[in-house]
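Student: Take the sequences, apply the hints, and build the full model.
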Amino acid sequence: MNRQTTIIPESESSLPSLKTVDGALQWLGSVDHKQIGIMYLVLALFFFLIGGIEALLMRTQLAQSGLNILSPETYNQFFTMHGTTMVFLVLMPGIIGLGTYFLPMMIGANEMAFPRLNALSFWVTFFGGFLLYFSFAAGGAPAMGWFSYAPLSEANYSSTPGASYYALALLLTGIGSVGAALNFVVTTLRYRAPGMGMRDLPLFVWMVFVNAFIILGALPPLNAALSMLLIDRLMDAHFFMPASGGSAMLWQHVFWTFGHPEVYITILPAFGIMSEVIPVFSRKPIFGYAFVAASTVAIALLSFGVWAHHMFATGMGNTVNSFFGAASMLIGIPTGIKVINWVGTMWGGSIRLTTAMLFCIAFLVDFTIGGLTGIAFAIVPIDWMVTDSYFVVAHIHYVFLGGSIFGVFAGIYYWFPKMSGRLLSEKWGKLMFWLFVIGFNLTFFVQHFLGLMGMPRRVFTYPDLPGFGTLNLISTAGAFMMAIAVLVFLWNLWITLKKQPDAGEDPWDAWTLEWATSSPPKPKSFTRIPPVRSRRPLWDLKHPENPDYKDSQQPEESS
Amino acid sequence: MICYLNSYYLFFSGSATPGADALDTLFIYYLIAAVFVFLSVVGFITYILFKYRNRNKEGEPPQVYGSTKVEVSLTLLATALVGFFFYLTLITMFKTNKPAGEHSPDLVITGHQWWWEARYPQSEVTTANEIHVPVGKRILLRFKSADVIHSWWVPDFGQKMDVIPGKTNHLWLQVEKPGLYLGACSEFCGAQHAWMRIRVIAQPPEEFRRWNRQQAKPAVSIALGNSLAALGKRLFSQKTCGNCHAIKGTKNSGSVGPDLTHLASRQTLLTGKMANTPENLNRWINDPQKVKAGAHMPRFIFDQKQVNALVSYLETLK
Chain L
1 MNRQTTIIPE
11 SESSLPSLKT
21 VDGALQWLGS
31 VDHKQIGIMY
41 LVLALFFFLI
51 GGIEALLMRT
61 QLAQSGLNIL
71 SPETYNQFFT
81 MHGTTMVFLV
91 LMPGIIGLGT
101 YFLPMMIGAN
111 EMAFPRLNAL
121 SFWVTFFGGF
131 LLYFSFAAGG
141 APAMGWFSYA
151 PLSEANYSST
161 PGASYYALAL
171 LLTGIGSVGA
181 ALNFVVTTLR
191 YRAPGMGMRD
201 LPLFVWMVFV
211 NAFIILGALP
221 PLNAALSMLL
231 IDRLMDAHFF
241 MPASGGSAML
251 WQHVFWTFGH
261 PEVYITILPA
271 FGIMSEVIPV
281 FSRKPIFGYA
291 FVAASTVAIA
301 LLSFGVWAHH
311 MFATGMGNTV
321 NSFFGAASML
331 IGIPTGIKVI
341 NWVGTMWGGS
351 IRLTTAMLFC
361 IAFLVDFTIG
371 GLTGIAFAIV
381 PIDWMVTDSY
391 FVVAHIHYVF
401 LGGSIFGVFA
411 GIYYWFPKMS
421 GRLLSEKWGK
431 LMFWLFVIGF
441 NLTFFVQHFL
451 GLMGMPRRVF
461 TYPDLPGFGT
471 LNLISTAGAF
481 MMAIAVLVFL
491 WNLWITLKKQ
501 PDAGEDPWDA
511 WTLEWATSSP
521 PKPKSFTRIP
531 PVRSRRPLWD
541 LKHPENPDYK
551 DSQQPEESS
Chain X
1 MICYLNSYYL
11 FFSGSATPGA
21 DALDTLFIYY
31 LIAAVFVFLS
41 VVGFITYILF
51 KYRNRNKEGE
61 PPQVYGSTKV
71 EVSLTLLATA
81 LVGFFFYLTL
91 ITMFKTNKPA
101 GEHSPDLVIT
111 GHQWWWEARY
121 PQSEVTTANE
131 IHVPVGKRIL
141 LRFKSADVIH
151 SWWVPDFGQK
161 MDVIPGKTNH
171 LWLQVEKPGL
181 YLGACSEFCG
191 AQHAWMRIRV
201 IAQPPEEFRR
211 WNRQQAKPAV
221 SIALGNSLAA
231 LGKRLFSQKT
241 CGNCHAIKGT
251 KNSGSVGPDL
261 THLASRQTLL
271 TGKMANTPEN
281 LNRWINDPQK
291 VKAGAHMPRF
301 IFDQKQVNAL
311 VSYLETLK
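From first to last, the protein sequence lines stand for chains L and X.
Position 501, counted from 1, in the first sequence is what the working numbering calls 501; the numbers after and before it change by one each time, with no gaps.
Position 142, counted from 1, in the second sequence is what the working numbering calls 142; the numbers after and before it change by one each time, with no gaps.
Hints listed in this document are in silico derivations from the structure and should not be mistaken for laboratory results.
Among the hints, a few may not be true.
Think about it this way: if two alpha-carbon atoms lie no more than 20 Å apart in a straight line, the pair counts; the simulated SDA-like pairs of lysine to any residue are [claimed, not checked]: (1) X:Lys217 - X:Glu206; (2) X:Lys51 - L:Ser350; (3) L:Lys542 - X:Gly59; (4) X:Lys57 - L:Asp509; (5) X:Lys167 - L:Thr319; (6) X:Lys167 - L:Tyr157.
Tutor: Encoded structure:
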């Protein structure tokens with residue numbers, strides 16, 4: 001603990017109550033990583049509901065050919081806002097929130113390295129989100145898609161202020177993400193418990209740590225692109241206006257330099273959650289720690305060399321396509337290694353099918369589908385056939401929803417007792433799980449076929465061609481099933497928060513440091529920290545007869 | 001793999017071009033590999049869930065930390081699979097996607113918000129939305145954009161190609177079977193992206209030549225006399241329709257909107273949105289925003305007689 005110099009005095013009283021003005025103000029002004037983590041998660045849940053409602057309205061419009069429930073203009077605003085919301089206001093705050101809460105706790109730290117920066121990051125993200133939504137009141141939301149291709153996003157073609165709000169809002173959330181990433185890096189490097197080397201980090205911490213470097217590399221190009229777009233729109237420059245000497249391709253290159261790493265930014269923490277939850281509910285350590293950790297670094301490095309696979313249909317030529325095709329296929333290998341390791345962890349275990357574990361299993365199945373269709377996009381000629389069709393819509397949802405969001409749900413069910421002191425109902429949890437996972441697969445699996453049959457993405461309606469109506473109707477029915485699942489989830493949260501704390505310190509009999517303190521933890525999480533002599537300090541405490549640090553089987557035992 | 005849009009077959013329906021055939025074959029190879037990988041993962045998980053499910057057993061299972069042998073061998077297997085598909089990618093890509101070189105295009109397609117302009121440089125024919133091509137001949141398509149990014153996608157032809165302002169793209173096309181091929185713009189391009197459909201009509205060479213000769217002629221100048229159509233013709237010029245639309249053989253030569261010289265010979269209106277009937281044309285001219293919201297055609301406040309006159313004039317443009 002001598003490395004830890006706490007700037008902010010940590011009180012030992014419990015979390016402030018929202019029922020009093022004083023307590024509410026303490027939340028607003030808080031620099032405590034646990035409170036900020038919870039606020040991130042509440043923000044993500046709020047926007048998850050908003051983005052979900054937008055999705056439901058879109059699916060309703062698409063239930064049959066030629067419906068007029070949404071006007072073309074409204075539909076285009078909704079799909080733009082849905083994508084932007086889910087990526088920047090749900091996935092990002094969701095994973096950053098879990099990281100903000102649990103990264104310090106899992107390394108035995110009482111606070112993030114820069115508590116005030118932490119609060120700044122959150123509030124900048126918060127106001128960025130509401131600035132984006134203010135565009136509805138300011139003349140129209142952005143309507144050019146979440147990747148905002150120029151010149152459609154330029155003032156000539158998007159005359160409402162929506163695209164400017166998009167750029168300003170994402171600049172803000174981008175600054176927030178960079179702040180959070182800096183905090184993760186420094187906290188991991190400087191505030192680990194005595195005895196915890198870099199090779200003893202819990203894998204969730206490791207992935208958030210590696211991920212922070214991707215954020216630091218990827219967000220600045222986005223911010224540069226957004227600034228150029230704003231200068232174009234507001235000051236009549238022409239970075240992206242081909243008619244006056246700019247380049248439409250430039251936007252695509254700069255945007256995807258951010259955009260593809262962004263996919264890994266949202267999935268790596270979910271990989272981290274998988275690597276914590278699966279071992280605990282299989283009652284075994286992670287299979288191949290070193291391989292999981294190293295493949296994360298490989299993904300991080302490769303993620304910066306694959307951006308142009310979003311542009312195979314732009315006519316870049318076979319040579320360029322070959323390079324990016326090869327790089328994109330390579331990234332499938334470290335990702336495949338991870339799936340192998342999770343399955344290997346379950347093998348020979350003693351599996352407890354909690355809701356958290358069920359979400360991990362659904363992740364394994366559905367993320368494998370998303371990964372395999374992802375490799376299809378790296379195979380350039382297949383990309384030419386299916387890109388910009390509903391096949392892509394299916395693929396991104398298998399990765400973002402079947403991957404990242406399933407991972408976040410696994411994390412929520414796993415860590416909710418730590419954050420609130422109360423176990424979520426397993427009965428309602430399992431009902432929610434089945435509704436959500438079946439609804440998800442109904443919605444998105446058929447979209448692969450719609451894409452193969454020729455339905456382009458981002459259309460507010462479609463001609464009544466054979467099979468289109470039926471498949472779209474199935475997709476819409478699945479979306480409503482997911483909506484019911486989310487209502488069940490909210491109900492579960494509500495009844496759980498109403499009841500008395502029942503979780504205790506360590507309800508899952510887990511092994512990492514966050515379980516070695518009260519639930520919910522006091523603002524000062526740890527008054528004393530158990531000795532850290534291996535990757536599973538609490539296993540060592542509970543099993544003095546067979547501790548990890550004495551086990552010669554651990555193949556890559558650290559110092 | 002991509003099926004005919006105008007048939008009921010989902011899979012393996014055969015493709016219209018040699019390029020699409022090569023793409024389909026690659027797709028099927030990958031599909032087989034992907035299904036195999038997927039079933040292996042699901043199979044292992046199912047087996048594990050049956051075999052290793054905790055049924056209130058006491059005590060912890062043996063603690064296994066990993067196996068370098070398993071990791072390395074499966075990594076090598078994955079690498080071999082990826083290498084194989086990279087090889088197939090290269091040969092298919094270089095076989096199907098030949099550069100345009102010094103060839104001049106047979107057909108220049110320009111994407112507009114929200115319609116397609118098709119120009120045949122050899123015969124000076126310009127038409128819109130319904131694109132005729134000869135069967136059995138290898139032709140070179142050139143793509144340009146008048147405004148934002150669009151994308152040319154006819155699933156039966158395999159490869160799609162983005163249509164990007166400030167950049168000229170090419171695609172070779174050889175359609176083997178006559179027929180109607182449906183497609184759509186697949187890059188989001190604004191309000192009416194959904195109604196930027198594509199219709200390609202592949203005709204036997206002789207029929208194509210006939211069509212081409214007919215389209216090359218100026219608008220029919222039959223004696224309109226004192227008819228409604230004559231009034232329509234006058235209105236067309238007076239009301240500045242010609243600032244945007246061209247009708248060859250008249251003074252109207254705008255190029256912002258579709259060329260109307262042979263409008264009546266087309267099957268559909270508004271880029272595939274509806275059938276080309278006098279009633280539909282009437283509705284459109286009456287209030288364009290009601291029929292295709294966001295379209296760039298302004299609403300002229302015509303009375304019903306004027307609309308009827310314009311429609312009967314346009315109906316003569318065979």
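Student: For each hint, tell me whether it holds in the structure or not.
Tutor: Now for the hints, and whether the structure bears them out:
no.	hint	result
1	X:Lys217 - X:Glu206	17 Å, holds
2	X:Lys51 - L:Ser350	9 Å, holds
3	L:Lys542 - X:Gly59	12 Å, holds
4	X:Lys57 - L:Asp509	15 Å, holds
5	X:Lys167 - L:Thr319	18 Å, holds
6	X:Lys167 - L:Tyr157	18 Å, holds
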